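Undergrad: From first to last, the protein sequence lines are chains A and B. According to our numbering, the first sequence is numbered sequentially starting from 64. According to our numbering, the second sequence is numbered sequentially starting from 8.
Simulated DEER-style distance windows between Cβ atoms:
| no. | chain 1 | residue 1 | chain 2 | residue 2 | range |
| --- | --- | --- | --- | --- | --- |
| 1 | B | F102 | A | D90 | 18 to 26 Å |
| 2 | A | G159 | B | S77 | 21 to 29 Å |
| 3 | A | G159 | B | G35 | 14 to 22 Å |
| 4 | B | T60 | A | P145 | 39 to 47 Å |
| 5 | A | D80 | B | S77 | 47 to 55 Å |
| 6 | A | V83 | B | F102 | 30 to 38 Å |
| 7 | B | N66 | A | T158 | 18 to 26 Å |
Hint data in this document are derived by calculation from the structure and do not stem from the laboratory. From a predicted model like this one, the values you see are computed outputs, not experimental measurements. Using N, Cα and C, we set each Cβ at its ideal position, and we do this for glycine too.
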Amino acid sequence: GENVEQHPSTLSVQEGDSAVIKCTYSDSASNYFPWYKQELGKRPQLIIDIRSNVGEKKDQRIAVTLNKTAKHFSLHITETQPEDSAVYFCAASRTGNNDMRFGAGTRLTVKP
Amino acid sequence: KAGVTQTPRYLIKTRGQQVTLSCSPISGHRSVSWYQQTPGQGLQFLFEYFSETQRNKGNFPGRFSGRQFSNSRSEMNVSTLELGDSALYLCASSFSREGGYTFGSGTRLTVV
Numbered sequence: 064g065e066n067v068e069q070h071p072s073t074l075s076v077q078e079g080d081s082a083v084i085k086c087t088y089s090d091s092a093s094n095y096f097p098w099y100k101q102e103l104g105k106r107p108q109l110i111i112d113i114r115s116n117v118g119e120k121k122d123q124r125i126a127v128t129l130n131k132t133a134k135h136f137s138l139h140i141t142e143t144q145p146e147d148s149a150v151y152f153c154a155a156s157r158t159g160n161n162d163m164r165f166g167a168g169t170r171l172t173v174k175p
Numbered sequence: 008k009a010g011v012t013q014t015p016r017y018l019i020k021t022r023g024q025q026v027t028l029s030c031s032p033i034s035g036h037r038s039v040s041w042y043q044q045t046p047g048q049g050l051q052f053l054f055e056y057f058s059e060t061q062r063n064k065g066n067f068p069g070r071f072s073g074r075q076f077s078n079s080r081s082e083m084n085v086s087t088l089e090l091g092d093s094a095l096y097l098c099a100s101s102f103s104r105e106g107g108y109t110f111g112s113g114t115r116l117t118v119v
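Full structure from sequences and hints, please.
TA: Listed below in structure tokens is the structure:
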């Protein structure tokens, strides 16, 4: 089955700096890659996703890039704010097969 | 529209007992997946149901089972509870099997 690795496990940045979280996946058939944000005591929430027919997707301060050849994808957060502090999870699955596997998570801390 | 509803929110059980957790997906969503979340193991995939059929299963023992009803509501059952089953159990639903999960708030199970 799919195996997703996520790095780093913790990340601390100063407010206004950029943050990058990287994930690799093992199943070359995976074609759907979402990112979830989980604040303390709350449910994971989808913040952005990308499908394998595109290489990059942006939504305001958040962007995701995908390299299918290398089987890795990354989350980029620019101009970080204290409210970006949370645990971020990447995931991978094949559309039509909702066997979504998650990375271990990255705890992002944005220092004011 | 209402989100994904999980009941109960908290549960305390004794080793050896069994427990049933409930998940009501967003109206119209037909795919329901279950995850176990623990601090050390992240989000571990339990199983996915679509149209009342289990479509995928993660690497959990047979003590973990589930089902889905004709209205897409799902239940998961854990028999012969062990201390290590203490975790947050999250349910997620999507319209199809094309991704786009929405998570519920989870049921926090404590086994004593």
